[in-house]
Amino acid sequence: MEIFTEIFGFFFQYLDGVAFLILAAIGLAIIFGMMGVINMAHGELMMIGAYVTAFSMYAGIPWPIAIVLAGIGAGIAGMILERLIIRHFYKQLLSSLVVTWGISMIVSQLFLVIFGPTMESLPTPFSEIKILVGGDVGFSVVGPEGFAALKAATGRLPEGVESFGIYRLVMFAIAALLIAGIWALMRFTEYGTRARATMDNPAMANALGINTARIYALTFGVGSALAGIAGGIFALTSAITPFFGAAYTAKAFIVVVVGGGAGVVNGLVASVASLGGVQTIFSNMFSVYIGFVGMIAAAFLILLLMPTGISGYLENLRDRRK
Amino acid sequence: MNSRADTGQPQTVTGDTPIVEIRNVIKDFGGVRATDNLSLAITPGELHCMIGPNGAGKSTFFKLLMGTIRPSSGTIHFNGEDITRLAPFARARRGLGIKFQNMQVYQELTVFQNFFVPMRRHHKPAEMPELVDRILRRIHLTGLEDETVKNLSHGQQQWLSIGMSIALEPKVLLLDEPAAGMGPEETASTAEIIKALNAEGMTIIVIEHDMEFIRSLNSRTSVLHLGALFAQGSYEDIERNEDVHKIYLGKA
Amino acid sequence: MKRSGIFGILGLLNGPQTMGRGWVFWIGFVVFVVLAYLGPTHLGLKPYKINEFLISGFLAASLSILWGYCGILSLGQVAFFGIGGYVWGVIGINLWDSTGNTHLAFLGGILAPTAFAAIVGAAMFLARLKGVYIAILMLVLSLLLETFMLQTADPEVYSIGKAVLGGSNGLRPASDIPNAAFGWGESVVDFNGRRAEFYYFALTLLILTYLGLRMLLNSSFGYLLVAVREDPDRTETFGYDVRLIQLAVFCIAAAIAGLAGSLDTARINRVDPEVFGVSANIMVVIWVAVGGRKDLTAAILGAISLEWLFLWLTTSGNPEYATIVMGAILVGVMLIAPEGIFVFIGERLRVLFGKSGLFSVERKDSVI
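Residue numbers (numbering that gives the first Met the number 0), protein chains in the order written: chain F, 0 to 321; chain P, 0 to 251; chain X, 0 to 367.
Read the hints as simulated data drawn from the structure, not as lab findings.
Honestly, I wouldn't trust all of these hints.
If the Cβ cut is set under 10 Å, some of the chain X residues that face chain F in the computed set are [what the hints assert, rightly or not]: (1) Val-30; (2) Met-123; (3) Tyr-132; (4) Leu-140; (5) Leu-142; (6) Leu-149; (7) Ala-152; (8) Val-156; (9) Tyr-157; (10) Arg-171; (11) Ser-174; (12) Val-188; (13) Leu-334.
Covered by chain X, according to a simulated footprint, are these stretches of chain P (three or more residues, beta-carbon under 8 Å) [unchecked claim]: (14) 104-111; (15) 117-127; (16) 234-244.
List time: in silico DSS-like cross-link candidates among lysine-lysine, alpha-carbon distance up to 27 Å [to be verified]: (17) P/Lys-170 to P/Lys-194; (18) F/Lys-90 to X/Lys-129; (19) P/Lys-149 to F/Lys-90; (20) P/Lys-170 to P/Lys-123; (21) P/Lys-149 to X/Lys-129.
Just so it is clear, the structure is predicted and the values come from calculations on it, not from any experiment.
Note that CB positions come from ideal geometry on N, CA and C, so glycine has one too.
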């Protein structure tokens, strides 16, 4: 039974890590993969999402709607940024990087000035429901009464039993839904077709009557909205501060760069699946810090072997098979 | 490096030991075969033209020669030495000079400073002004040495790019579309520049779309088609070749 | 121009890759240097803060030669600064009692980050990683170092001789971190980082570094740096191993950043994991981008003047707006004068004085 607990714990941790990386990176992957802009203000867009979620929930709005509002808020903020500043820096990777870093600095400090160093933290949904694994329990999902009953005897959980929160699984489900949604958006909608045409050859798309400026703004908006949604989801589990996003930006970049720009969705999934795996294994064996180091080392190795990222490599492989 | 008597050479050799020789080179990009079992030999002192429709693999051929891409299989020899796995800078040091299709000049430097980089390996700075003057005269840029390159016209930048490759004093000069974007007069001057260089003994390989330009060079010509050698011969032979007309001239 | 004797050296100082040249520039330079030496005593400036500005000048020079001249943006340049600072502190703490000077600390504070840069750079450049990846990887590296140093609180595990890394509290024992000191026995000269003497020491070092870098940038190596920035592939076809040039400038930049870090630890007798943080990294990028990355003089001036502005903003009532103003300046400059403020001014000056040949010499003659 201990083995089972261990395996389940590992699996759970892996899903948690994957969900975390997907959510942190998905908006960035869209903007980098489709527009070639390095958006260092990604974390701040997530932060905006977190704040929108917080204020919505303070006003009594249920969390799923608050998260949707977070996406809308960050999406609008992103489109404004794109029109005001970012559009001047297309095809200038390094300049876009520097200027968005400046934006991130302004936005986070502005939030600090306006809203203070921290916000009242939000309740984590489903926190009363636990998955219990191991010991005499085996495997069960319990509510607060069941949980209290188990702890009643000794004040602690029985020997060998571990508990896992259910919100982590919800995060994974949302991450999977977002991935599927983006795939469908690019694949089946009018916007998706136009966006892919624009990214492929802007001049040609323009000549075909596509308003490329609007496509760019919309794409940046979609990426920002995804960042905002992610920020809202993370806001339910962590402290909300003006510098909330900074923690995610670096990891998100690693994931996106390893995924590569050739295929936004499959690159992201492959990258997250592999880097998340490395991180989980190393964290389990050593420490969280070593887990992070291991993930970066893995990213570095992957880039050495596949300089265009995993998706570029996959595309190459697929072509070769033809 | 000594030349070797080769066995199993491609049929295209004309007697002299080749200075550039590629054997059975295949290059795949994803699913596309850009170069299909290509074998070709260039003799020292030759002026060689390469033509072919879009996507025939001409630029890929130059990139393979220069080493910016590696062949999937096959070998590349330069002056008798196998250079298939050498990095581009190592090939340049052995005497391969190139002007790629897109213009490659240092936009923010002056004309004179542009020459500094290719010349520095062979010459002392004190010798440079005179050498640069001499090259500038060849490429019709006399007196422009202190001009910043981004202020030059398109044609002048093309010439400068050729001039920089000459300044490297290569044994073999590769020119990818040297007359691209030039007017008729500039094109004619470019042909004169190339012929003069060749008359002084420099081996030159030219890729070009413009058939007028190829005609004015009037030299041995290879036709590439679908990554393979389709025909080879003097310019007249090629011009008379019905099959070449079908694949290329007909479309042009 | 002949390349012999003193004229050769002057030519290199003057040379083409640095914007200010010709005698108008040099007169301005001398006036500036004289004013700088008179600075703290006659202009009523507090040396403690001004000393920090000078150190930022070194860091800006380091990023300028790397990013501005060779086109390699590093978002983690303070990684080398921090390594230099820690190594200087560790050596200083351990050797002070036996040597009474900080010669070896400076040597280590420069060599350790250089060696680190050589290893990291070799991996990145030999793999021909693209610019963006290098920028991000360097940032990540810097953050990794920060995270690592933050978890070194356990003195049992993380101590080197007498020095304890100390986690978030920084290197300890802090009281044992010496001042910069040179000489032997009786004739040791000691520079207290809070006093004017350190100011003169750092100022002299900065001017020497500046002039030395000018000579390097105006030598043929400087030409190659610019050639690699402008078009690395073309430069390779002229027979240069671009990767080695990139690695070389990466190491030189790391050495200067390491020197800056050493000086900073000596200045405040303290170093903590914050040196590796995001805000430290972004400040360096702001100085250089706003001042003008493609010119050494502009980058250093940018660092010093922005630090000055930042100090003024933080001490004049509303410190919380200081960061916002800095960010706004960065964004504004990137939009309006993307080459940087001081390069922008320099170009105007060149137009003004250029016709009379005072501000710039004939470029053809200035190739060494």
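Consistency of the hints with the structure:
1. Checking X/Val-30 against chain F: minimum C-beta separation of about 32 Å lies over 10 Å; hint violated.
2. With 10 Å as the threshold, the beta carbon of X/Met-123 comes within range of chain F, its nearest partner Cβ sitting at about 9 Å, so the hint holds.
3. Interface hint at X/Tyr-132: satisfied, since its Cβ lies 6 Å from the closest Cβ of chain F, which is below the 10 Å cut-off.
4. Taking 10 Å as the C-beta contact cut-off toward chain F, the hint placing X/Leu-140 at the interface holds, the least distance being around 8 Å.
5. Among the interface hints, the one on X/Leu-142 holds; its C-beta lies about 6 Å from the nearest C-beta in chain F, closer than the 10 Å criterion.
6. Contact between X/Leu-149 and chain F, as hinted, is supported at the beta carbon level, the nearest pair being about 9 Å apart and thus within 10 Å.
7. With a cut of 10 Å, the hint placing X/Ala-152 at the interface with chain F is violated, because the nearest CB-to-CB distance is about 13 Å.
8. Annotation: interface hint on X/Val-156 violated; nearest CB of chain F at approximately 12 Å, more than 10 Å.
9. For X/Tyr-157, the interface hint is violated, since its Cβ never comes within 10 Å of a Cβ in chain F; the closest pair sits about 13 Å apart.
10. Because the closest C-beta pair between X/Arg-171 and chain F is about 21 Å apart, greater than 10 Å, the hint is violated.
11. Because the beta carbon of X/Ser-174 sits about 29 Å from the nearest beta carbon in chain F, more than 10 Å, this interface hint is broken.
12. A cut of 10 Å between beta carbons decides the hint on X/Val-188: the least distance to chain F is about 40 Å, and the hint is violated.
13. With a least beta-carbon distance of about 6 Å to chain F, the hint placing X/Leu-334 at the interface is held under the 10 Å criterion.
14. For the segment 104-111 of chain P, the stated coverage by chain X is satisfied: 7 residues place a CB nearer than 8 Å to a CB of that chain, which reaches the threshold of 3.
15. Chain X is given as covering the segment 117-127 of chain P, and this holds because 6 residues of the stretch bring a CB closer than 8 Å to a CB of that chain, at least three being needed.
16. Under the rule that three or more residues need a Cβ within less than 8 Å of chain X, the assignment of the segment 234-244 of chain P is violated, with 0 such residues.
17. Taking the CA atoms of P/Lys-170 and P/Lys-194, the gap is about 15 Å. The hint holds against a cut of 27 Å.
18. Our distance criterion of 27 Å between C-alpha atoms is met by F/Lys-90 and X/Lys-129, whose separation comes to about 14 Å.
19. Taking the CA atoms of P/Lys-149 and F/Lys-90, the gap is about 19 Å. The hint holds against a cut of 27 Å.
20. Of the supplied pair hints, the one linking P/Lys-170 and P/Lys-123 holds, its CA atoms being roughly 20 Å apart against a limit of 27 Å.
21. At most 27 Å may separate the alpha-carbon atoms for a hinted pair to count; P/Lys-149 and X/Lys-129 meet this at roughly 25 Å.
Figure legend: structure checked against the earlier numbered hints; hints not met, in rising order: 1, 7, 8, 9, 10, 11, 12, 16.
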